[in-house]
Amino acid sequence: MADLKFVIGDPRVCTGCMICVNVCSMRYFKVISPERSRVRAVRIEPGLDFTLFCRNCEDAPCIDACPEEALSRTSKGVVIVNNKKCTGCGSCVEACPYDAIRINPDTEKAIKCIQCNECIKRCPVDAIWMTTKKELEERDPDGKIMALHEEHSEELYSKEDSQ
Amino acid sequence: MIQGVGGKVIWVDLTKGKIEKRPIEKKLVEKYLLGAGYLSKVLFDSIPTGIDPLSPENVIGFATGLLTASMFPQSSRHVVAALSPLTDVWGESHAAGFWGPELKLAGYDAIFFTGASLDPVYLNINDSTVELLSADDVWGRDVFETDDILRERHGKRARLIYIGQAGENLVRFAAVMNDRDRASARSGLGAVMGSKKLKAICVRGTGRIEVADPKKYMDTMDEFYRRMLANPFTPGRAKYGTTNLVEMMQHIGRLPSYNMRQGVFDGYEKISGETITEKYLVKPRSDWCCLQRCARYTSVKEGPYKYEGGSPEYETQSALGSRCGNDNLESVLFGHHLANQYGMDTISLGGTISWAMEAWDEGLLTAEDTDGIDLSWGNHASIVKLIKMIAFREGFGDVLAEGSARAAGKIGRGTEKFVMTVKKQEIAGQEPRAQKSMGLAAVTAARGADHLYAFPVLDEAGFDDEIKERFGEEYLPEMAERLNPKYKGIMVKECEDFMVVVESLGLCKYGTQIPPEFYYEDVALAMKVHNGLEFTRGDLQIIGERIVNLNRLFNVKRGVTRADDNLPDRLTKEGAPLGPSKGEVVELDQMLDEYYLKRGWDNETGIPYASTLKRLGLVEEASGMEIPD
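Protein sequence lines, in the order shown, are assigned to chains A and B. Numbering follows this note's numbering, with no gaps: position 90 of the first sequence is 725. Numbering follows this note's numbering, with no gaps: position 214 of the second sequence is 247.
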């Protein structure tokens, strides 16, 4: 399963413009609303801008946590939400270690990144891209990007954005 | 219904502690848009004449534009306005960031504060909850501390607008700060907040902005993004922000140096954009939907000027650098950081310190006046020391905290002739003898000396095609010539009309004026898909004219006439002593005549004619005033 894809952002390159965030809520819900976006943007000084997406964990605790079996992995390896089954109970939100799932307050369904690429193609500075663990190791051999995420994990994954 | 807005306005009576929410008035929006235009009308109606700007009778307004929090390129901006304690006339200032979009997402377009609180307070907005809370524990704190404390209390995603100690201490050029290092710097509006004991507005908005035409929305914005990114100016803006304007201004002799004695500075390379980018830049930064990313995040790693934070831009390099004869870049960067921390306008700060330095150089100020501080040109330790003394009004800092015009009034001894202001506001880093349009723009701007009200940059760097598009071929080549006063009245008038529309939409002047990528038709298209409002280029031009004329009436009511639309003698009578514009003066009268004619204002008094006001629907506003026929 080492080739599971996910979107990653380099907090040193991202300028924090939030176009990715707004493209997402516009595409899926026809509104501008960071609360209804599947990507979060978090600015942490000194000089870091994180864009946070579903990491597509191999063990996917969100899938296991769902009492309605609404979450599943597609043949391409993307974790998706079945809106017909989802009751908006928030168990997946609770289970996600990366604060990458939230409940849309309008639809009351869980939402998460499904790797549609719409934000990536609009990033003005190419700070976000589709990756795999292997690709990321090659691109960032020192592991600096993940280390920065780890260093600020308490603030990044505080669930403040999914409450 | 107008779409793509918050829909509500908050009125806070600070004396009574009363909060009221009102729906946004569509009729007003159709006549004035939102943002700067909306504030112009509401504050024209609600600020009495004959009051002290720092008294409870002043009203301060904060507003987002019609396109703030849209997806238009660079659509993050908000406006703050009140009667200015620096100029005693119309005070207005703008900033980018995330506070404006957050306010919209909470469901509001504007906030007005009347009266004054006895004890320090801040307004906390959390979607539908709006409450005044005690600011006792943040009063006396700087901008960064206030940001930390209030975001710890109200959530890390809260966005804030606030004042630092300079605003609390009523420094007449105190800024209103937001998102840590963004400044609505000019006009001293931070002091108005301070006088009302209003420390901050904390906003958390989790709502949604519904747009008028979701089907066409993304395609429309994608085309704007494509154009913005393809514009030849964008890569340079991204690389340097505005910092490399130092090099460009030096090249054309427009870099104010030694308090505007001259427009060239020997040490320019040391304070240049190239040097900042090479040695101190951490990364470029953006605000909401900004593709140009001119904001900088910088650091000085060691020594007395060690800091890390957002900064700087060209105006500060000029104000604390060349204008003070200072080529110590680290002190300029640190000085900028301190100005953000205490909340002050760096233009007026540098303009005031450089006035004192010239007076010192001329022997008119001595150590007795300055608490022993040496004010020799380029003494960077003194500059940095003074910044704190001004913010806290300590010693000689208390004199300088009044701005250069009032400080010279107090000191006297002939220091008045070194005051480089219009309507008591310090002239920005645009030496007008090297670009005549900038001289005219500085005197006609409603808020006193200002380069941004008109932002006449079309004669700066080969924008002949845009001049042709915006004005027609008949004005070329003269309009495009920097040193030629001809047609500058026409250019400044048209630029003002467009720029007040841009400030009413919440957009940036980068992208609309330099580079001149987007014009009326483009913003009208954005308003159509975002707000569902249909305006033609002609409609918007009239609205722009209306706003400028209303700003003028606000000032005329407070005694402003042509005599106040004036530059310091140095710039109109003394030829530039050296550099590319050597020997040049600003031919102000010639340009003003043309400007008033084009505006439909009386040439002698500078007051709008009755026919002009009638055409713009401003007859009622002018009632009781002496208006020429």
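If you're looking for bench data, these hints aren't it; they were derived computationally from the structure. Keep in mind that the hints are not guaranteed to be accurate.
As the list claims (entries may be wrong) - Pairs of lysine-lysine, DSS-like flavour, derived with a Cα cap of 30 angstroms:
(1) A/794 to B/316
(2) B/334 to A/665
(3) A/756 to B/189
(4) B/421 to A/744
(5) B/647 to B/249
(6) B/248 to A/744
(7) B/189 to A/794
(8) A/756 to B/272
(9) B/542 to A/756
(10) B/561 to B/647
(11) B/59 to B/49
(12) B/272 to A/665
(13) B/421 to B/316
(14) A/779 to A/769
(15) B/542 to A/779
(16) A/720 to B/248
(17) B/590 to B/561
(18) A/756 to B/561
(19) B/189 to A/744
(20) B/249 to B/561
(21) B/49 to A/744
(22) A/779 to B/421
(23) B/248 to B/272
(24) B/590 to A/719
(25) B/248 to B/606
Fair warning: this is a prediction, and the values are worked out from it, not measured in the lab.
Exercise. Hints broken by the structure, by number, lowest first?
Worked result: As far as the earlier hints go, 2, 4, 5, 12, 15, 17, 21, 22, 23, 24, 25 are violated by this structure, in ascending order.
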